[in-house]
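Those sequence lines, one after another, are chains A and B. If you want the numbering used here, it's the position in the first sequence, counting the first as 1, plus 12. If you want the numbering used here, it's the position in the second sequence, counting the first as 1, plus 283.
One thing to keep in mind: the hints can contain errors.
[Unchecked claim] Listed below are several chain B residues computed to face chain A (Cβ distance under 10 Å; list not exhaustive):
1. 496
2. 518
3. 578
[Stated by the list, open to error] Computed, partial: chain B to chain A, Cβ under 10 Å:
4. 287
5. 431
6. 444
7. 511
8. 517
9. 525
10. 619
11. 656
Hints are computed from structural coordinates only; laboratory data are not their basis. No residue lacks a Cβ here, since even glycine has one placed at the ideal position from N, Cα and C.
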Amino acid sequence: MTARALEGISVLDLSEYVAGAYCGKLLGEFGAEVIKVENPEGDRARREGPFLNKVPHQETSALFAYLNTNKLGITVDCRKKSGQKILRELVSRADILVENFGPQLRERLGLSLEIMHEWNSRLITVSISYFGETGPYARFRGTPLVAYALGGYMYLTGEPDREPLQGPGPQPEYLGGLHGAIGALASLCSREHTGVGQHVEVPIFEAMVSLHQFTIVRYNYGGIIQKRLGNRYAWTHPITLYACQDGYVAMSASAEDQAQRLMYMIGMESLLEDPRFADGLHRLANADAFDALVEPWFRERSKEEVFHLCQEWRIPCGLVTTAEDLLHDPQYLAREYWVQVEHPATGVVTFPGAPFRMSETPWLAGRAPLLGEHNQMILGERLGYSMPDLVRLRQDGVI
Amino acid sequence: MVLPLTGVRILDLSRVWSGPLATRILADLGAEVIKIEVGGQADRSKTAIPEAVAKMMGTFPNGIPGDQPWNRNGTSIDFNRNKMSVTINLTSSGGRDLFRRLVAIGDVVLENYSPRVMRNFGLDYAALREINPHLIMVSMPGYGMDGPYRDYVAYGTSLEPQAGFSGLMGYPDKGPYKLGVAYPDPVAALHAAAAVLIAYWHRQKTGQGQYIDLSQMEAATALIGEFIVGYGLTGEVPSSLGNRHPYMAPHGCYPCQGEDRWLVISVGSDEEWCALCRVIGRPELAADERFADQLNRWHHQDDLDEIISAWTQNIDHRVAMRILQDAGVAAGAVLDAEEMAHDEHLAERGFFWEIPHPAAGTFSYPGLPIRFSSLALGARLPAPLLGEHNEHVFIDLLGLSREDLADLGHEGAIDLVSA
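Please model the complete structure; the sequences and the hints are all you need to start from.
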């Protein structure tokens with residue numbers, strides 16, 4: 013039996029949608045017991061596709077299935093008194109609780125942070141929200157698009173002469189979830205010294221603003237407001253995407269020697285003599301001219317050929333991939349990155365595996381729970397509700 | 284104050300963004316991070332920088348590189364608060380011996396070299412665990428520690444498309460696109476920080492160290508997992524939605540008053556839609572059949588986008604955001620660097636930390652976006668000068684003498700020219 017790093021840690025995931033779910037998923041994949049608490053209608057991620065065979069069904073949402081692996085699933089309506097009683101019993105037994113209700117809803121559900129910490133002084137609560145609970149934007153409604161915009165990512169993405177672009181999927185929520193996991197883990201460590209839990213707040217807006225490499229520094233230090241450049245890079249060229257016969261490669265010749273090798277590789281070393289292309293800054297200033305000269309070489313070749321040839325020449329170059337490409341990617345296959353996840357409603361589906369590997373306490377594959385799948389196990393066997401009572405709770409819509 | 288990682292000593296060999304960000308988070312959480320810097324490496328090579336280049340980069344105080352630009356680069360100062368710096372030359376056998384002595388008194392080693400490097404130095408996990416059986420070591424190269432691309436050169440700008448992101452981004456008429464930041468870097472950094480915390484927790488329980496193998500590309504693909512799973516469920520290869528959404532509408536980016544000013548709006552309910560109609564002075568649209576419910580709005584997005592743009596183009600984007608949000612509509616101004624730096628919400632929340640630095644002066648930097656109710660986090664130390672802590676680490680921690688240090692300097696194991 014392989015060791016589980018977070019063995020014995022119990023997590024209550026009361027969150028909806030992505031951020032809290034990814035936090036719980038990460039903790040569960042390294043051995044914590046994660047109980048996902050949904051209202052009886054189910055997490056709204058269950059209603060988001062794509063679905064198996066494109067037919068909406070609460071058990072076959074790709075988003076829910078991916079984000080909730082390795083969790084036990086129960087349903088509790090926290091607005092009802094009986095539901096709040098169940099929550100209290102679960103909270104009393106939990107180490108970590110993840111939620112994204114916001115303070116008003118928490119109050120209405122009888123789940124204020126003060127009360128929960130009274131029920132369980134060792135509890136670590138993790139609240140992931142878009143803006144935090146204080147400040148001028150505290151009551152703003154957040155979505156991934158809003159966070160891409162306020163977090164400074166959109167201004168930097170897309171063509172300079174047209175509207176900026178969002179990223180793929182709900183990245184801001186994922187980043188919130190990752191910070192939530194870090195906060196929860198750090199609090200576990202603190203609790204060993206203090207014997208008590210604490211409250212962790214992760215504002216997604218702040219997470220986004222903290223994840224810029226140059227943007228804020230260039231403004232504060234140099235008064236420069238960095239702006240999007242399409243697929244080009246602020247300080248040198250060629251760092252961009254080039255079209256090939258059958259797709260695109262991601263050229264990233266950031267060092268001068270790499271750019272020079274590229275010129276030799278494509279048989280255009282004469283360009284190195286051209287004053288317009290003398291160094292990275294010049295090539296950037298004349299990027300349109302430069303690209304017009306080199307693009308034909310790329311367009312005559314397949315992306316795979318270009319990718320491998322560049323790497324042979326020690327030129328940093330990647331591929332632009334689709335989901336289909338990735339499932340056949342030799343690097344991912346050699347590393348056995350993909351796992352097959354079997355689920356009663358979807359059958360066997362390929363999922364990404366471990367985001368990192370630990371030699372002694374390996375990552376655990378698993379599947380998402382059916383709605384209310386573990387009601388009997390947790391409410392019945394653990395909390396002691398009798399079968400007739402569970403039926404009554406079900407009839408009343410509490411579970 | 285005892286912080287979560289007080290007493291944890293991390294030897295940080297990493298460079299650029301992903302590793303340094305991971306160790307900055309751990310340092311913010313109380314770890315003692317010793318940045319091991321070798322002269323001539325990308326992070327802090329001791330080369331002069333022409334003023335024209337410094338001005339163009341914008342990462343030197345007021346564009347002035349100074350005599351020691353390696354101690355005045357704002358990006359480096361941003362990433363390396365709460366850390367110490369020593370200069371050890373791992374290409375020298377004396378330097379490697381010195382590193383081994385640090386490993387013996389360390390808890391964590393974190394590196395993001397390409398996979399051959401530590402092995403060629405004789406400093407891979409198998410070797411280091413002989414010195415320190417409880418060691419936690421993290422390797423975080425671009426493609427992975429093994430596999431056919433193991434020795435391939437990777438930067439965030441080439442990994443992001445390869446991890447599957449760019450194929451999911453673009454305009455309706457043009458693509459693919461990359462995000463405007465080297466996104467795999469912070470994604471790997473956050474996963475690495477979590478991994479170290481998990482390994483440390485396990486070690487506190489069991490005494491057992493371990494090796495963490497993190498491929499930056501694999502960590503990145505984890506954040507588009509639902510697209511991969513969706514492909515498996517439908518057989519349809521997912522592609523870009525532009526600024527649209529699978530089911531929310533309106534959902535897009537609208538031009539506002541001024542030069543390159545934009546507002547995003549994402550409406551997820553009929554209530555929000557009605558509120559939007561009132562705010563933009565078109566209450567009759569709430570009764571318009573074309574927009575009666577989400578499905579209908581989704582099918583008439585082109586019309587919606589035109590209607591909304593007609594309103595947004597005459598209003599400042601932050602004013603528009605405020606009006607819409609006050610009415611319960613999810614709207615966000617597309618902020619540039621200046622706007623983020625002066626944002627009223629971030630200011631009131633004390634999000635930016637003002638940190639004085641001996642060589643660069645005082646500037647504001649993003650803080651840690653995790654608030655703990657019973658911990659006071661902050662910048663205990665500014666980013667270190669190159670080699671600033673050579674004496675403290677080698678003399679105080681390792682017990683070497685000044686003569687030892689001089690010898691190590693002469694043989695090239697360390698770089699004595701620190702400050």
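- Holds or violated: residue 431/B as interface residue toward chain A, Cβ cutoff 10 Å? Constraint on residue 431/B satisfied, holds at 5 Å.
- Hey, does the residue 444/B contact hint survive, CB to chain A under 10 Å? At about 4 Å, which falls below the 10 Å cut-off, the nearest Cβ of chain A leaves the hint on residue 444/B intact, so it holds.
- Status of the residue 518/B interface restraint (C-beta, 10 Å, chain A): OK, holds: residue 518/B within 10 Å of chain A, min 9 Å.
- Message: Can you verify the interface hint for residue 619/B: is its Cβ closer than 10 Å to any Cβ in chain A?
- Response: holds, 5 Å
- Message: Please check whether residue 656/B passes as an interface residue: C-beta within 10 Å of a C-beta belonging to chain A.
- Response: holds, 4 Å
- Let me know if the C-beta of residue 496/B comes in closer than 10 Å to any C-beta of chain A, holds or violated. holds, 4 Å
- Interface hint compliance - residue 511/B to chain A, C-beta minimum distance less than 10 Å: holds, 5 Å
- Item | Interface hint for residue 578/B, Cβ within 10 Å of any Cβ on chain A | violated, 13 Å
- Message: Would the hint on residue 287/B be counted as holding, given a Cβ-Cβ threshold of 10 Å to chain A?
- Response: holds, 4 Å
- Message: Given residue 525/B as an interface hint, is its Cβ closer than 10 Å to any Cβ of chain A?
- Response: holds, 7 Å
- Query: Close enough to count: is the Cβ of residue 517/B nearer than 10 Å to one in chain A?
  - Reply: OK, holds: residue 517/B within 10 Å of chain A, min 5 Å.
Figure legend: structure checked against the earlier numbered hints; the only hint not met is number 3.
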